[in-house]
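**Q** With these hints in hand, go ahead and build the complete structure from the sequences.
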Amino acid sequence: MKVKTTLLGAAAAFALAPAAMAERGSDGHVNIIYWQAPSILNPYLSGGTKDIESSSLVIEPLGRYDEDGNLVPYLAAEIPTVENGGVSEDLKTITWKLKDGLLWSDGSPVTSSDVAFTAEYCMHPEGGCAQRAKFDGVESIETPDDLTVVVNFSKAKPNPYGPFMGGQSPIIQKAQFENCLGAKASECTEANFNPIGTGPFAVDDFKPNDVIEMSANPNYRDPDKPAFATLTLKGGGDATGAGRAVLETGEFDYAWNLQLAPDVLEKMAEGGKGKTVAAFGTLVERIEMNLTDPDPDLPSDIRATREAPHPFLSELEVRKALSMAIDRELLTEIGYGQAGRPTCNLVPAPEMFASDNIDCLTQDIEGAKALLEEAGWTDSDGDGIREKDGVKLSMLFQTSTNAVRQDFQALIKQWWEEIGVETELRNVNASVFFGGDPGSPDTFQKFYADVEMYANNFDGTDPQSYLSMYRCGNEPKPSSQWQGENINRYCDPEYDELLEELSETGALEERGRIAKKLNEMLTKESYTIVPLVDRGRVSAHSNTLGGVVLNTWDSELWNAADWYRID
Amino acid sequence: MTDPTPNIPLNALQEPTITRPARSQWRDVWDQFKHHKGALLGGGFLIFITFAVIFGDLIWQLDPKKLDIRNKDVRPIYTVIWDSDAEVGWANPLGTDNLGRDQLAQVIAGGRASMAVGWAAMLLTMLIGTTIGVLSGFFKRLDGPLMRFTDLVLSLPILPLLLVAVTLFRQPLRSNFGPEMGMFILIVGVISVTSWMQAARIVRGDILALKEREFILAARAAGTTSRGIIFRHLLPNVLSPLMVSATLGLATAIITESALSFLGVGFPSDFPTWGKMLADAVPRMQEYPERVLLPGMMISLTVLSVNYLGDGLRDALDPRIRGR
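Protein chains in written order, with my numbering: chain A, 3 to 569; chain B, 28 to 351.
The hints are simulated quantities; they were obtained by calculation from the structure and are not laboratory data.
Honestly, I wouldn't trust all of these hints.
Only part of the chain A face toward chain B is listed, based on derived beta-carbon distances under 10 Å [claimed, not checked]:
no., residue
1, N259
2, L262
3, N429
4, G441
Within a straight-line C-alpha distance of at most 30 Å, the following computed BS3-like cross-link-like pairs (lysine-lysine) qualify [as the list claims (entries may be wrong)]:
no., chain 1, residue 1, chain 2, residue 2
5, A, K390, A, K371
6, A, K269, B, K64
7, A, K269, B, K93
8, B, K93, A, K394
9, A, K526, A, K371
10, A, K94, A, K519
11, A, K101, A, K176
12, A, K371, A, K394
13, A, K157, A, K101
14, B, K92, A, K390
15, B, K93, A, K371
16, A, K526, A, K390
17, A, K277, B, K93
18, B, K99, A, K371
19, A, K275, B, K99
20, A, K371, B, K92
21, B, K92, A, K394
Short, incomplete list of chain A residues facing chain B, as computed with Cβ under 8 Å [to be verified]:
no., residue
22, K269
23, A271
24, P298
25, L300
26, S302
27, L332
28, A377
29, Q408
30, Q411
31, K415
32, E426
33, R428
34, P443
35, S467
Cβ atoms here follow ideal geometry from the backbone N, Cα and C, with glycine treated the same way.
**A** Now the structure itself:
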C-alpha cells in the first residue's frame, strides 16, 4: 500500500508540477554517456570502473569520499572515528550505525544483516570477489541489533575504512543475493543485472554492454530527490564521440572520462552546449620498467619472471638515464594541458603522503648520455645504439591504444634514440592490455616488453594498499596465473620491512613519512617506476545540468541524487 | 590473268585486312585500351603514384618519423590563399601534424607501406580466390567441398580470427623478419586469407556458365586438355569480373590495414601508413581538414585509378567488345 501511494505521489508530482524545483522527478530525464559500456551492475564481480560507477547509481556504501577526499556518511548515520568512539582505541574494531528508516527500492527495510551479508558474499572463499582487497584483515562481523554493524579486524588497522566504504564496496540486499554465494555468484544474472538498492535510481532495464534505463527510486531516503524521474546511461563508442555528444551536439548531459588531447577538447568546448570539469586525484601516467627479461627465446615458465633478470634494465644507471631524457613538461602540455601536471611521484596526493621530489622535472639529455657513458654503455660500432659486452640498448615499449598515448610514445622514442637507446613501439587494444587474460601475451601484467606505459591510481585517500602492490612475491608469475600487482617485479627486503612498519603505524604524520619514503624508493631512488604526468580526471556536462561535482576519490556519479536541470 | 595492271579496280575492292601485317593479341588489347580515356588516366596516375612513393624520398629527404615539436600544426602552403595569418612554411609545404612530423614525407612513406600491403594482399587474394574458384567451377567433384569450405571461411568472424593470428604468429615473424617486415607479412597474409571468398564465388559462377558454351565444347572436341582449356579459354574470359574484384580488393586491403593498425595489431604506431595518418587525423579534422583529406584523397585516387584501369582492361581484353 505504502509503495503504491508513494508511486502515485511521485507520478502526481511529475504530472502536476513539472516546473517546481526540488521535488522528486520534477526535472524529467537525464542522459549519461560512458564510452566504456557497463557489462554488469555488481561491483563485486567486476573491477571495471565503468561497472563500479554505473552501479553506484543503484547501490550505495555506508560512506563515500567527497571531492576533497573527506569521508561522508551515506547509509551510515555518521562516520565512525576514534574520537566519536566508533573505532576502538586498539584500531581493531569499527562500529557502524545505519541511518534510521532506510528502505530498499522494493520497500523492505535495510538492516545490519544486509551489511553483514555483503561481507559474507565478498569474502566467500569460492567467490572470486573483485573487491576482496577491501575486506583484507576482516576477522568477523557482528550485528548486535538491526542498525549496528561491528567489524572486527585480526590485527590493528590504522585505516579501517576498507569494507563498506566507497564505490567499490556498496551494500547489496541479502534477500536478493542470498542464493548467489560463492561459485554461484556469477550465475545470478537477474540479481547482477538488476540489483535492488538504496541509491537514487532503480534499474528498469539493463542491456549489458549497451544501455541502462533507470527511474527514480520511490523509496529514496530524501523525499525530494532525485530531481530526475528517469535516467539513461548509454555505454560504448569512444572518448571523442562521447565528448562531442555532450559538448557539441548536446544529445547527452554527462560524459565520463574524456581522455583527449587538450586542443581537441578545447575545440569541442567551442560547440557551446556544455563544459568540461577537471579534478585531480591520484591518477599517475607512468612508465614501468621491467626488471625481468621478456626475451621470447626463454622458456615460458622463466620468461619475464624473477628467475631471469633483465639484461640491462636491471642496472640503475640505465633506468635513471631513461628517466632523465624525458621532458615531462612538454608531454603534459601536449597530452593533457590543464588536466595534467608533470610529476615525479607515484603518490601525488593527498599532500600528507606526497613527496616533494621534483628533481626529474628538468630534461637532461646530456646528463643521461654522460651517465650511460660512465656506466660503460658506449656506441662502439657507430650505429647510434649503445652497447656493453655485446648487449645492445634496444627496447620494446608497449602501451594501450589511445591517441594521446601514441603521441607520448613517439616523443619518448625520439628522446631515447637521442641518448642512444633503440626503441620499438607497440600499442595493444585497451581491453586486451588491461583485460588480465592469463592466456594472452599482450596483457600489462604479463609484461612481455621492456617498458610499458599506463596510468593507475588508488581508491580513497590512504596509499597503503597501493604501495603494498610492490611487495616481493606479489608479482605476476605463471604460478599465480599471471595475476599480481607488482608489475615491475620489484623486490627489495627493505621496502617490505617498511611496508610492515606502515601497516602497524596509526599516527597520521608518521604514516605520511613512511609512505613518502616508500614512494621515493620506487621512483627517485631506483627509477623502477618513472612517473610522467599527474592526470586530472576530465569529464563534461551540459550547460543545463546542475549540481555536478566531479569526484576523483569515489564514483563520479556519487552525487547524482543532487543533480538537477537548469532551465 | 597474272598480269596485275588491268586488275587495279579489283584489287581496290579486296579486303584491306589481308594486306595488314600479322598482329599480336596484346597489340589489339593496347589499341582498344588507349581509346578508354579513364583507363589511360588511371593507369598513368597509378604509375605516377607508384614511382612517387618508391622514389619520392630521394627528392624530399625529410625523415617522416622526425618530431619537431616547435613546428607542430603547420598548415599547408596553399592555406595562405584564404588565410594570410596561417602558420605556413616552405620547409613543410603540406604542413605538419600535431607532433611536428612533415606531412609530405609522411604521405610518401605512408604510401609505400599502404601500396605494398594493398598490392601484395590483392595479388595473393586473387591467386587464392581464382584457384579455388576455377577448381570448384571446373571440376564437379571438387565443387561441393571447396564451396562449403568457402562458406565456412566466410562465416568466420574476422576480428577474433585476426587477434588469434596475431597472437600466434607475431612473435616468430617479428624475430625472423624484424617488427616491420614481420608485420607486413602477417597483415598481407591475414588480409588475403580472409578476403578471397568473394573472388572465388565470382570466378566459380562465371566458370560454371562458360564451360557449357560452344567454344569450350569445341576446344574439348579438339582434344584440348583441361589445363589448356582453363588457361587458354576460361581464365581470359573471367578476367573482367576478376579485375573488378581485384580493384575492390586493393581498396579493402588498404582499409583493413588501417583498421588493424588502429586496433593496435598492425604496424608499430610510429610507422606511417595512409590508413594510420587518416585515423590519427580524425579527432582534429575540423581544425585541420587537410590532414584527413590528404591521405584520404591518396587512398581514393589510388583506388579510383585502379578501378578505371580495371574497367579499361576489361573492355580491352574482351574480344566481343574490342573494335567497337
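**Q** Would you list, in rising numerical order, the hints stated earlier that this structure does not obey?
**A** 1, 6, 17, 23, 25, 26, 28, 35
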